[in-house]
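Protein chains: 2
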Amino acid sequence: MSPITIALDGMGGDFAPQAVVEGADLARESFPDVRFLLFGQSERLTPLLSDYPSLMAVTELVNCQDSISNDEKVAKAIRSGRQSSMALAIDAVKHHRAQAVVSSGNTGVLMALALFALRTMPGIDRPAICTSFPTITGRACMLDLGANIECNANQLVEFALLGEIYARIALGVKRPSLGLLNVGVEQVKGSETLKTAARTLESLSQQNRLEMDFKGFVEGDDIGKGTVDVIVTDGFSGNIALKTIEGTAKLLTHHLRQSFAQNFLSKLGYLFARASLNRFRDTMDPRRYNGAMLLGVNGIVVKSHGGTDKIGFAHAIGEAYQMVKSDIQTLISHEFSQFRQGLAALSSKDDGQTDSMAMGI
Amino acid sequence: MSPITIALDGMGGDFAPQAVVEGADLARESFPDVRFLLFGQSERLTPLLSDYPSLMAVTELVNCQDSISNDEKVAKAIRSGRQSSMALAIDAVKHHRAQAVVSSGNTGVLMALALFALRTMPGIDRPAICTSFPTITGRACMLDLGANIECNANQLVEFALLGEIYARIALGVKRPSLGLLNVGVEQVKGSETLKTAARTLESLSQQNRLEMDFKGFVEGDDIGKGTVDVIVTDGFSGNIALKTIEGTAKLLTHHLRQSFAQNFLSKLGYLFARASLNRFRDTMDPRRYNGAMLLGVNGIVVKSHGGTDKIGFAHAIGEAYQMVKSDIQTLISHEFSQFRQGLAALSSKDDGQTDSMAMGI
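So the sequence lines, in the order shown, correspond to chains D and C. Going by this note's numbering, the first sequence opens with residue -13, and the numbers climb by one from there. Going by this note's numbering, the second sequence opens with residue -13, and the numbers climb by one from there.
Calculated directly from the structure, the hints in this document are not laboratory data. One or more of the hints may lead you astray.
Repeated chains share a single entry, so a pair holds when one copy, or any two copies, can fit it.
Distance condition first, Cα-Cα at most 25 Å in a straight line; then the derived SDA-like pairs of lysine to any residue [unchecked claim]:
hint, residue 1, residue 2
1, 181, 257
2, 311, 244
3, 296, -11
4, 253, 138
5, 160, 49
6, 253, 124
7, 253, 323
8, 59, 193
9, 211, 0
10, 211, 248
11, 311, -10
12, 311, 251
13, 62, 33
14, 201, 268
15, 201, 58
16, 211, 239
17, 59, 202
18, 296, 316
19, 253, 77
20, 201, -9
21, 160, 68
22, 201, 293
23, 211, 77
24, 181, 58
25, 236, 33
26, 236, 271
27, 311, 241
28, 236, 19
29, 62, 176
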């Protein structure tokens, strides 16, 4: 079996380069066929690597002095960041020296550089950021999480397809269920964009042209409930929903911790329940879900949380590895070509009910 | 002291009329100067009321046969629901027979009927739904939660003022801090609408023309953190954020409950910690935060959660009571008139940096 090479931005994230090197070593233990191209300042990376001889054996260090800071402006990075560890790691994917890239660096810059270097795949208008997280019933995916502040109906339909393919791999579900995120107040239910996207997905679904179970609209509380495997929304709402989940989880664990610290009995109770509570903590551990993919560009680009540690970074590498192994890019190409045929068939049968024309396809 | 009269939609909500009558009786215990106008089918309400003689003594029952169902369409309700318990309860506020109205009925219909009957206050473009919820540091308010699917900058600035006044009463904070909800990815940071609203609030703030501490943009995770007292956003994002909080809270409590049920030790731990965990549950209890206000119309309109029980409904009545006592409507009138003066002053000093013109004011 030929090895899988993953390019790593050695300098991205709050705890780089340490968390990157240590995370890579953890990932190496899980995936024996992985190889790394590690981009960054060799004077900082070499001493770190020397502590991990097994990692060093599967890693090629590519020295570069530039790096992207956490508060770097996108415009500046595009102009002058082309020799940064992040840009060069992306270039490794572009030039087929690596099959995926993972970075904990500045999200906006990573998206911009990746889009600039890799471009969107044929037939895809805009890329979308997608990740998975825990729900009551298991796990769900959501996109877009911030790549596009506004989306048209066409883009939302494309995100639905991208999310469905991602979910099939990330969740291991054969025919993912999918919902469009909407609001519950009837008077305002659905912008025209959302309604158009829903009608198109509905039409394709009725003609068995979708490999997903389209459930129509879902609301914010359906995310945690796990009502569907994939939640599709624009990047503004998606980003707010994702960060709201994060904030609410912190809120609850804060008050929970305070409750256990309240008195002798509650502390004792905590001690007894600790093993079970640790399992609860593990289920919710954001590091387990670390790694968001920029779907729709010509290459596998995984964004790791800037504040994550080695365990989180290893999970992000794991996601990249899984996407390479499952050949997500080929799946996307294939499904989008079928989707275009489906839309064309829908247009030719058009009885005035479908919206493929309205979508400008 | 003259009594405060609150109109109640006796037929709204999943557990009406029982939860309404029982909730009113609980509220009566807390607020001795409250009186009720109770709208609904007398053949259903009279037997219920007869169990609560003290409530009956302060309640005037207004018989009406019509009621708004939970899945009633707004358009239909506007046409044919004008004699419903909800519409007549709102009319009681319009005709000054009551100082506030509380309903657990269909949100969209309540908004539409209230807007139709009461109209927006002078100088206010659109009403907004506002509520408060727990945070790490205490409690925060958010608006709009669904009255407006899209908002312009002018409306967001108005929501900021409405939210500030609401927070001063609901949270008891003298000078509430306030943030505009935005996304964190730099590339897409802020639509033009958000940027314009931020610049206007910034300008007014610098001239000490705001009775709030404007903090600029906040993100989804700031909601739970309690970074600001008031979060301002459009009704689409606000609704999604609020429901995402709800879903995430359910997710965490579900897994927590499962952890405690796991084995003998965890069950024992739960028993020891129960008193403290009950306090945790109470802190998070959505019934304690029940009651969302439709701000900006000529009257105090409080929406209670459709699925709440008597305790939740009593809290919604409590919110209405508090808003009447604090004379929120006069505060809004006063502050908006000052705000218009402030904007005018800003325009006359305009050095090209402010956006009052761009906002069409």
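Results for each hint:
Taking identical chains as interchangeable, the C-alpha atoms of residue 181 and residue 257 are never at most 25 Å apart, the minima being 51 Å within one chain and 49 Å between chains. Taking the shortest Cα distances, residue 311 and residue 244 never come within 25 Å of each other, neither inside one copy (44 Å) nor across copies (34 Å). Only within a single protomer do residue 296 and residue -11 lie at most 25 Å apart by alpha-carbon distance; the minimum there is 22 Å, versus 63 Å between protomers. Proximity of residue 253 to residue 138 under the C-alpha cut-off of 25 Å is found in neither arrangement, the shortest distances being 52 Å within a copy and 51 Å between copies.
Taking the shortest Cα distances, residue 160 and residue 49 never come within 25 Å of each other, neither inside one copy (42 Å) nor across copies (56 Å). Taking the shortest alpha-carbon separations for residue 253 and residue 124, only the inter-copy value of 23 Å comes in at or below 25 Å, while the best intra-copy value is 30 Å. Proximity of residue 253 to residue 323 under the C-alpha cut-off of 25 Å is found in neither arrangement, the shortest distances being 59 Å within a copy and 54 Å between copies. Taking the closest pair of Cα atoms, residue 59 and residue 193 never come within 25 Å of each other, the shortest separation being 46 Å inside a single copy and 30 Å across copies.
Proximity of residue 211 to residue 0 under the C-alpha cut-off of 25 Å is restricted to the inter-copy arrangement: shortest distance 21 Å between copies versus 32 Å within a copy. For a Cα distance limit of 25 Å, the shortest separation of residue 211 from residue 248 across copies, 21 Å, qualifies, whereas the shortest one inside one copy, 30 Å, does not. In this assembly of identical chains, the alpha carbons of residue 311 and residue -10 lie at most 25 Å apart only when taken from the same copy (8 Å versus 68 Å across copies). Taking identical chains as interchangeable, the C-alpha atoms of residue 311 and residue 251 are never at most 25 Å apart, the minima being 50 Å within one chain and 42 Å between chains.
For the identical chains of this complex, residue 62 and residue 33 are neighbours neither inside a copy (31 Å) nor across copies (73 Å), given an alpha-carbon limit of 25 Å. For the identical chains of this complex, residue 201 and residue 268 are neighbours neither inside a copy (30 Å) nor across copies (35 Å), given an alpha-carbon limit of 25 Å. In the homo-oligomer, the alpha carbons of residue 201 and residue 58 lie at most 25 Å apart only across protomers (22 Å), although the nearest pairing inside one protomer, at 40 Å, exceeds that limit. Taking identical chains as interchangeable, the C-alpha atoms of residue 211 and residue 239 lie at most 25 Å apart whether they share a chain (18 Å) or sit on different chains (11 Å).
In this homomeric assembly, residue 59 and residue 202 come within 25 Å of each other (Cα to Cα) only across copies, at 19 Å, whereas the closest approach inside a single copy is 38 Å. Taking the shortest Cα distances, residue 296 and residue 316 never come within 25 Å of each other, neither inside one copy (30 Å) nor across copies (56 Å). In this assembly of identical chains, residue 253 and residue 77 lie within 25 Å of each other by CA distance neither inside one copy nor across copies; the values are 53 Å within and 54 Å between. For the identical chains of this complex, residue 201 and residue -9 are neighbours neither inside a copy (38 Å) nor across copies (45 Å), given an alpha-carbon limit of 25 Å.
Neither within a single protomer nor between protomers do residue 160 and residue 68 lie at most 25 Å apart by alpha-carbon distance, with minima of 40 Å and 50 Å respectively. For the identical chains of this complex, residue 201 and residue 293 are inter-copy neighbours only, at 24 Å across copies versus 35 Å inside a copy, given an alpha-carbon limit of 25 Å. For a Cα distance limit of 25 Å, the shortest separation of residue 211 from residue 77 qualifies neither inside one copy, at 39 Å, nor across copies, at 38 Å. Within a single copy, residue 181 and residue 58 get their C-alpha atoms only as close as 37 Å, which misses the 25 Å cut-off; across copies the closest is 20 Å, which meets it.
With identical chains, the CA atoms of residue 236 and residue 33 are never at most 25 Å apart, being 36 Å at best within one copy and 46 Å at best between copies. Taking CA atoms no more than 25 Å apart as the test, residue 236 paired with residue 271 passes in both settings, with 11 Å inside one copy and 16 Å between copies. Taking the shortest alpha-carbon separations for residue 311 and residue 241, neither the intra-copy value of 41 Å nor the inter-copy value of 32 Å comes in at or below 25 Å. When the C-alpha separation of residue 236 and residue 19 is checked against a cutoff of 25 Å, the pair qualifies neither within a copy, at 37 Å, nor between copies, at 40 Å.
Taking the closest pair of Cα atoms, residue 62 and residue 176 come within 25 Å of each other only across two copies (18 Å); inside a single copy the shortest separation is 37 Å, beyond that limit.
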